[in-house]
Amino acid sequence: MAHLRKILFNLMAWSIVLAVAFPLFWMLVTSVKPQFELFRRPPTILPETWTFEHYWTLLADTNFLVYFRNSVILSSATTLLVVAVATLGAYSLVRFKYRGRESLAFLVLFTYLLPSVVLIIPLYLLLVQLGVSNTIFSLVIAYTTFALPYALWLLRSFMAGIPEDLESAALCDGATRMGAFRDIILPQLLPGIISTALFTFILSWNEYLYALVLVNSDSSRPLTTGVMNMLISSFNIEWSLLMAASVMMSVPLIIVFAFLQSYLTRGFGAGGVKG
Amino acid sequence: MSSSNTLLERRYAALGLMLIAPTVLVFCAVIIYPLVSAIYLSFFNIFTPTLEGEWVGLSNYTELLQTGQFWSALGNTLIWTVGTLSLQIIFGIAMALVLHQNIWFRSLARSLILFPYFISTVVAVLVWKWLFNDLYGIMNHLLISAGIIDFPMDFLGTMPNAMVSVILVGAWKYFPFVVIAVLARLQSIPDALYEAAKIDGAGPIARFFDVTLPQLREVLVVIILLRAIWDFKEFDLIFLLTGGGPINDTQTLPLLVYQEAFALNDMGRASAYAVVMMAIMLVFMIVYIRRTRSEEGS
Numbered sequence: 001m002a003h004l005r006k007i008l009f010n011l012m013a014w015s016i017v018l019a020v021a022f023p024l025f026w027m028l029v030t031s032v033k034p035q036f037e038l039f040r041r042p043p044t045i046l047p048e049t050w051t052f053e054h055y056w057t058l059l060a061d062t063n064f065l066v067y068f069r070n071s072v073i074l075s076s077a078t079t080l081l082v083v084a085v086a087t088l089g090a091y092s093l094v095r096f097k098y099r100g101r102e103s104l105a106f107l108v109l110f111t112y113l114l115p116s117v118v119l120i121i122p123l124y125l126l127l128v129q130l131g132v133s134n135t136i137f138s139l140v141i142a143y144t145t146f147a148l149p150y151a152l153w154l155l156r157s158f159m160a161g162i163p164e165d166l167e168s169a170a171l172c173d174g175a176t177r178m179g180a181f182r183d184i185i186l187p188q189l190l191p192g193i194i195s196t197a198l199f200t201f202i203l204s205w206n207e208y209l210y211a212l213v214l215v216n217s218d219s220s221r222p223l224t225t226g227v228m229n230m231l232i233s234s235f236n237i238e239w240s241l242l243m244a245a246s247v248m249m250s251v252p253l254i255i256v257f258a259f260l261q262s263y264l265t266r267g268f269g270a271g272g273v274k275g
Numbered sequence: 001m002s003s004s005n006t007l008l009e010r011r012y013a014a015l016g017l018m019l020i021a022p023t024v025l026v027f028c029a030v031i032i033y034p035l036v037s038a039i040y041l042s043f044f045n046i047f048t049p050t051l052e053g054e055w056v057g058l059s060n061y062t063e064l065l066q067t068g069q070f071w072s073a074l075g076n077t078l079i080w081t082v083g084t085l086s087l088q089i090i091f092g093i094a095m096a097l098v099l100h101q102n103i104w105f106r107s108l109a110r111s112l113i114l115f116p117y118f119i120s121t122v123v124a125v126l127v128w129k130w131l132f133n134d135l136y137g138i139m140n141h142l143l144i145s146a147g148i149i150d151f152p153m154d155f156l157g158t159m160p161n162a163m164v165s166v167i168l169v170g171a172w173k174y175f176p177f178v179v180i181a182v183l184a185r186l187q188s189i190p191d192a193l194y195e196a197a198k199i200d201g202a203g204p205i206a207r208f209f210d211v212t213l214p215q216l217r218e219v220l221v222v223i224i225l226l227r228a229i230w231d232f233k234e235f236d237l238i239f240l241l242t243g244g245g246p247i248n249d250t251q252t253l254p255l256l257v258y259q260e261a262f263a264l265n266d267m268g269r270a271s272a273y274a275v276v277m278m279a280i281m282l283v284f285m286i287v288y289i290r291r292t293r294s295e296e297g298s
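If you read the protein sequences in the order shown, they are chains P and X.
Numbering-wise, our numbering puts 272 at position 272 of the first sequence, and it's gapless, one number per residue.
Numbering-wise, our numbering puts 118 at position 118 of the second sequence, and it's gapless, one number per residue.
There's no promise every hint is true.
Output of the computed footprint for chain X on chain P, the stretches with three or more beta carbons under 8 Å from beta carbons of chain X [claimed, not checked]:
id	stretch
1	53-65
2	82-88
3	136-145
4	185-192
5	198-212
Residues of chain P clear of chain X, computed beta-carbon distances all greater than 10 Å [claimed, not checked]:
id	residue
6	Leu-4
7	Ala-13
8	Arg-69
9	Arg-95
10	Thr-111
11	Ser-168
12	Leu-253
13	Ala-258
Simulated from the structure, these hints should not be mistaken for laboratory data.
Even for Gly, the Cβ is constructed at its ideal location relative to N, Cα and C.
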């Protein structure tokens with residue numbers, strides 16, 4: 001009886017999980033079906049004919065690779081900049097005493113919650129005045145507005161978790177403050193830095209609004225607005241092609257996800273919930 | 001400061017300021033300046049293509065409070081936020097309870113549940129638009145073969161379908177956040193509490209209400225505040241799914257700001273909308289920040 005209940009519970013649990021994951025399964029299936037099979041009634045659950053033609057079309061006949069390259073450059077640059085600045089900032093906020101430190105921490109949390117639509121108009125005007133609008137660089141600047149508070153907040157809680165004794169011991173042994181930072185803090189903080197970097201990368205990879213407003217040339221468009229444009233500008237919507245684009249766009253996330261899941265959940269606990 | 005201020009302490013303070021300097025610099029340039037500037041711009045009429053403007057004082061604010069579009073957008077924002085947030089919370093807690101049990105391939109199940117949260121909103125929207133497609137979408141096919149509807153349904157082009165669809169897709173995309181947060185908390189509830197309840201003769205449902213829910217209370221308050229703030233300011237999902245349509249029936253405040261600034265070309269008015277929106281959010285933000293700070297203090 002207990003055995004049967006266990007099996008029933010498992011079946012129920014897994015049918016919910018599969019229902020939640022169904023849209024993603026359908027995205028994969030659609031992307032490998034030939035165009036004519038999409039219009040079959042009733043629809044085929046698994047493709048009758050497997051084809052990778054949409055992936056080839058995507059890579060050869062569209063701007064997808066340009067968008068992909070732009071997204072890689074944009075997200076990596078944002079991540080590098082933000083993590084470097086935020087690591088030093090978080091160290092200062094947690095381990096040093098000076099006037100205004102508390103208000104700064106408060107400001108970080110406030111900006112972390114701030115909506116982008118409030119900042120976007122002045123940022124747009126600023127970047128136009130500086131003459132850098134329509135470039136990847138302008139997006140890096142815009143992305144720091146949400147990535148930096150986020151990274152600071154995450155790293156701050158990771159930093160607070162490192163015992164202070166280690167650093168004090170090094171200082172007693174005659175290490176300088178920055179020496180102790182390099183030799184003691186950084187190695188301890190590394191897992192925190194990795195998960196912060198991953199989260200910042202994912203946030204930048206997925207961002208849409210700033211990319212929509214600040215960039216309107218194909219040569220510097222990232223994936224989000226680029227792929228969306230393929231939907232809007234196409235005369236005859238090719239769903240297989242769009243699903244192939246969606247899959248390709250999610251590949252970096254799947255890789256990050258599969259290999260570094262423990263880092264991700266750690267970051268999630270530190271920043272998202274404990275606050 | 002105190003009299004025991006040694007040379008070393010002062011040098012440390014200086015070093016601390018140096019380390020935070022890049023952060024402060026970036027903050028001032030890309031956050032503080034635009035924020036102040038947004039408030040300043042809301043007193044102007046600015047024509048977006050030429051960026052020329054004139055001072056109009058408070059008239060943007062008095063006008064927006066009189067226009068129906070602002071109030072209907074505020075109403076839509078509230079419907080969307082309350083609707084999607086309640087689904088996220090209920091479904092998130094339920095899913096966390098299921099995943100907390102020892103089911104087959106638990107870590108695979110967890111990854112599958114987390115995935116909607118990590119994919120781009122653009123991907124989520126494209127997939128759902130295809131699922132919702134009126135002629136060849138699988139949703140219509142499933143609903144018709146189950147006998148629930150007779151004709152294909154227009155999920156995004158009519159009301160109230162559009163609002164319901166947006167709320168459901170929002171719940172699907174963001175409930176994993178609740179799942180992870182609740183799951184982490186569930187794992188830290190001591191087993192002894194459950195054992196004690198069992199000895200007292202409490203069944204599974206009584207154990208949920210008497211042990212689990214009180215233990216989850218703290219974390220749920222934080223989750224609800226955070227998700228309320230994030231759902232309130234959500235732009236991508238709604239903009240990409242419906243664009244605020246049909247007519248303006250799913251237009252929320254962030255979409256209204258965007259439309260005013262970049263489609264109707266009045267940046268001054270748009271800034272006024274944005275400032276009012278931020279003022280409303282400020283209530284939640286202050287509650288959340290005060291909570292976080294008092295937690296850190298204790």
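Consistency of the hints with the structure:
1. 53-65: It is violated: at least three residues are needed, and the stretch 53-65 of chain P offers just 0 whose Cβ sits closer than 8 Å to chain X.
2. 82-88: Since 3 is at least three, the answer is holds.
3. 136-145: holds (count 4)
4. 185-192: violated (count 0)
5. 198-212: holds (count 5)
6. Leu-4: Given a closest Cβ separation of 15 Å, the condition holds.
7. Ala-13: Label violated. Min Cβ-Cβ 5 Å, cutoff 10 Å.
8. Arg-69: Given that every Cβ of chain X is farther than 10 Å from that of Arg-69(P), nearest at about 17 Å, it holds.
9. Arg-95: Its Cβ does come within 10 Å of chain X, the nearest being 8 Å, so this is violated.
10. Thr-111: Incorrect as stated: the minimum Cβ-Cβ distance to chain X is 5 Å, not above 10 Å.
11. Ser-168: The assertion about Ser-168(P) holds, with a minimum of 12 Å to chain X.
12. Leu-253: 5 Å, violated
13. Ala-258: 8 Å, violated
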